[in-house]
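Participant: Given next are the chains, with one letter for each unit.
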Amino acid sequence: MTVTEDREVGAARRRKEDARLITGRTRWTDNITVPGLLHMAILRSPFAHARIVSIDTSPALSRPNVVAAFSGADVADVQGSLPCAWPVTEDLVHPDRPPLAVGTVRHHGEAVAVVVARDQASALDALEAIEVDYEPLTPVLDLEQALADGSPLVHPDKGTNKSYTWIFDSAAAGTGADVAAADAEVVIERRYVQQRLIPAFMEPRSVIVDPGAGDYTIWSATQIPHILRVFYALLTGTPEQKVRVIAPDVGGGFGGKLQVTPEELIVFMAARRIGRPVKYTETRSDTMLSAHHGRDMIQDVRLTARRDGTVTGISVKLIANMGAYLGLVGPGVPILGAFMYNGIYKFPAYRFECSGVFTNTTITDAYRGAGRPEATFAIERAMDELGVELGLDPIEVRRRNWIKREEFPFTTVAGLVYDSGDYDAATDKALALLGYDELRKEQELRRASGDPVQLGIGTSTYTEMCGLAPSRLLGALRYAAGGWETAAVRVLPTGKVEVVTGTSPHGQGHETAWSQIVADELGVAFDDVEVLHGDTRTSHKGLDTYGSRSLAVGGIALVEACRKVRDKARTVAAHMLECSPDDLEFTGGAFRVRGTPDAAKTIADAAFAVFAAHDLPEGVEATLDADATFDPETFSFPHGTHLCAVEVDTQTGHVAIRKYVAVDDVGKVINPTIVEGQVHGGVAQGIAQALHEEAVYDESGTLVTGSFVDYTPPTAADLPDIVTDRTETPATTHPLGVKGVGEAGAIAATPAVVNAIVDALRPFGVRDVPMPCTPERVWRAIRNAGTESGRS
Amino acid sequence: MSSTAKITVTVDGDQYIDTVEARTLLIHYLRETIGKVGTVVGCDTSNCGSCTVLMGTAEDRDRSVKSCSVLAVQADGATITTVEGLAGPDGSLHAVQRAFHELHGLQCGFCTPGMIISAIDLLRDNPDPTDDEIRDGLSGNLCRCTGYQNIVRAVRAAAAELRAPEVAS
Chain A
1 MTVTEDREVG AARRRKEDAR LITGRTRWTD NITVPGLLHM AILRSPFAHA RIVSIDTSPA
61 LSRPNVVAAF SGADVADVQG SLPCAWPVTE DLVHPDRPPL AVGTVRHHGE AVAVVVARDQ
121 ASALDALEAI EVDYEPLTPV LDLEQALADG SPLVHPDKGT NKSYTWIFDS AAAGTGADVA
181 AADAEVVIER RYVQQRLIPA FMEPRSVIVD PGAGDYTIWS ATQIPHILRV FYALLTGTPE
241 QKVRVIAPDV GGGFGGKLQV TPEELIVFMA ARRIGRPVKY TETRSDTMLS AHHGRDMIQD
301 VRLTARRDGT VTGISVKLIA NMGAYLGLVG PGVPILGAFM YNGIYKFPAY RFECSGVFTN
361 TTITDAYRGA GRPEATFAIE RAMDELGVEL GLDPIEVRRR NWIKREEFPF TTVAGLVYDS
421 GDYDAATDKA LALLGYDELR KEQELRRASG DPVQLGIGTS TYTEMCGLAP SRLLGALRYA
481 AGGWETAAVR VLPTGKVEVV TGTSPHGQGH ETAWSQIVAD ELGVAFDDVE VLHGDTRTSH
541 KGLDTYGSRS LAVGGIALVE ACRKVRDKAR TVAAHMLECS PDDLEFTGGA FRVRGTPDAA
601 KTIADAAFAV FAAHDLPEGV EATLDADATF DPETFSFPHG THLCAVEVDT QTGHVAIRKY
661 VAVDDVGKVI NPTIVEGQVH GGVAQGIAQA LHEEAVYDES GTLVTGSFVD YTPPTAADLP
721 DIVTDRTETP ATTHPLGVKG VGEAGAIAAT PAVVNAIVDA LRPFGVRDVP MPCTPERVWR
781 AIRNAGTESG RS
Chain B
793 MSSTAKITVT VDGDQYIDTV EARTLLIHYL RETIGKVGTV VGCDTSNCGS CTVLMGTAED
853 RDRSVKSCSV LAVQADGATI TTVEGLAGPD GSLHAVQRAF HELHGLQCGF CTPGMIISAI
913 DLLRDNPDPT DDEIRDGLSG NLCRCTGYQN IVRAVRAAAA ELRAPEVAS
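Chain order of the listed sequences is A and B.
Mapping the first sequence onto my numbering, position 690 (from 1) lands on 690, and the numbers just tick up by one.
Numbers given in my numbering equal positions in the second sequence, counted from 1, plus 792.
Hints may contain errors.
Just a sample of chain B residues kept apart from chain A, beta carbon distances all over 10 Å, derived [unchecked claim]:
(1) A814
(2) P881
(3) Q899
(4) P957
Here are the simulated distance ranges between beta carbons [stated by the list, open to error]:
(5) A:L445 with B:P957: 45 to 51 Å
(6) A:V696 with B:G848: 40 to 46 Å
(7) B:S884 with A:R472: 51 to 57 Å
(8) A:D393 with B:P919: 55 to 61 Å
(9) B:E851 with A:P452: 56 to 62 Å
(10) B:G883 with A:D631: 42 to 48 Å
(11) A:P59 with B:S884: 54 to 60 Å
(12) B:S884 with A:L445: 52 to 58 Å
(13) B:G883 with A:R563: 37 to 43 Å
(14) A:E444 with B:R955: 30 to 36 Å
(15) A:A12 with B:P919: 24 to 30 Å
Only some residues are given here: those of chain B computed to face chain A with a beta carbon under 10 Å [claimed, not checked]:
(16) Q889
(17) L898
(18) P905
(19) R927
(20) D928
(21) L934
(22) I943
It is worth saying that the hints were derived from the structure and are not from the lab.
By construction, the Cβ of each residue, glycine as well, lies at the ideal position given by its N, Cα and C atoms.
All chains, full assembly: derive it from the sequences and hints.
Facilitator: Rendered as structure tokens:
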């Protein structure tokens, strides 16, 4: 017998998912239809803040093809309140959030009433027949004014616009940041504004609820089918076992589909009332208005240091915009960031304080990175400022503070234990790929010659916490659920393998990567593995996909399930080979008797023997399958160094990215092609925050970036080629060594780009440019530099 | 309440005769009337290009159009090719489809049908585009997953394959 040891893990496998996606044989939720399906349209508030004086849906009922119409008042006693699963403090102010507004609307686009009709066009047509009389109220829009005495209130019954204040202070464990500040030689104080962003996944959200006889089948374009099922049961009173949630093909999420949405509950109510299946597919305009937004924080950062560049402490005061209500994990987003303001550095003292504030805007919640991009931006911008203050190169000031490779595992000032990393290796590689020294020389020449196009180089040496999350820690942070993940592996009688994962991919390629893992663990062919996901009837348990957790948590569960299967197969193989299980080794995809390699049985041989069950060893059940649940002990900590060179036209303010280098260390890699793709996409979204995107409300609280015309996600022509490379320091806390990659690019890129722009403009006295760094803002920053407004 | 019209249209090789409302958009006709749900809707302002199909008329060879910006009645007499009609009769993929798969030019895949169609049209106009020309040529199609880098690679690779003289078998 020929022994081949083809290693799937690490191979640049082409994706299994592609076959249906490149031929149009996809099952997006909006592609799905069921007999008797009705269509719903939603009337949304045109006001940011208004009292609903009266509302009459009855005129819509006489429109053609209309089956039903109702408003919040009609369902007030049954609709309940949408969930917040992360009440970060005991005294958090948590207002009710009815799916359909009752009495008051609190943001532009809030759902007010619905029409259900035989077709979507009829439903949309009939919306205009609904009569609503609004009495506009003063909107609360500015974060600092919202906290001021006498501010109008988003929720007057709560008496405050502040939802919570959450504090971390290292003083509890030793040195506090205030102590560090007292004898600081250098103090850097800056305010950074994380503008509001819109996740802008490409597939608009869609949901179908099909009521049976007391049971419900629900399709939703969601990242979280399992979590959604639990909440459907809790919020509608339907027994959980009567609810089946399916996330079919899902077209992107980036955190934006990590939500239990008003629309999901409204469609449910409509289907239950009418007794027929109902579908709602949002328009892009609906998405922009009502799907949750991200970021939107004001960060006051104070870094204290000695003149040799050693940072002695960091203090961060945040105001985070929650929007009009609390989203599913919205209050926790800045808290995830709280663990990351110390970045990759050995800061001895740290104080963090965050206030979550209500305004009359769409809710904010997780968007790619969720708190960690904001934290990384603040510290990486501030480290550049410290370098300038001390006359140190931005790389050098970082080197003097970061954790050295021999210092791992390292307990940070925020209390996390970083298990592994090599910041020197990643940085050295990135510097070489960028051609850092040559570009610095060119920068000097351009400065000396007064070139109108100035060159800037930006650095971002980031880390992040991936693999959400140890359940014990989530409990300590008052998160309602755990952070484990599950997998089930079944070897079928013919030796093919079915894998059921609790993760819920929407572009990440789990079907491919999970197949690679199983192929190696069980010695089966890549093509013989089928990965099932996203349907709570086949995948009973799971906590879904977000927070770069799927591989770092779900992948480990998969490995453990495979190893249980292998152990069972070993017992069967030993019985077939009439030897002791201890005499067998598993190599080349088969169990072989040590010293007699021709005596071998594969997993498939064992599977058929188990299926036949004619002669099983004592105590072995007639199935070759296993479940495993993995709850991580700790997070994983990918890191890397991103460098960006920009050319800034000082006459027009136009910024062109000349070169972008991303060297990431995501631990062990299952599929380098998928990893590279994740980095590309993340970097693109990070660049988009730096240069292109901002959700803007006008003074009346109207979202003026409510379409792709005004909210301008970058096109192919707007983005540069990205040079990617990796270093590899495996995670040491679990058997797979992986760390996670989904959010890394989005976390790293934004400060790299803004640091580059500010670096280019230092000779003009520019210390900051607010994001997005549009030509107008860059031009104004140059023009105002040296004046007081230029320093703000 | 609204007028209707009878249209005859060939989609992916099959002829359809239907009565449509005058206001019906081509994308809605394709998806809802004849079940061509491989082509999708990503926005309502004709920015995203997810709904792009090829449309040929008696006057002109087929060109990419955003089917959200064409009325179904305008397609009367036209030949439409969607992503579902690109593969050969034997199921062999179009060079652009193959290149997207080989070079990981898609992640969630929602923009992919429109992106592939736009790329095909681009390569007919310009069989040997530079990277910048590819980026400009696809700037009517938004992708949120890939940062476009592997899409550009895929289009470049497909261009080379389509230019190569056919090898006699």
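Participant: Taking the numbered hints from earlier one at a time, note which ones the structure violates and give those numbers from smallest to largest.
Facilitator: 3, 8, 9 and 14
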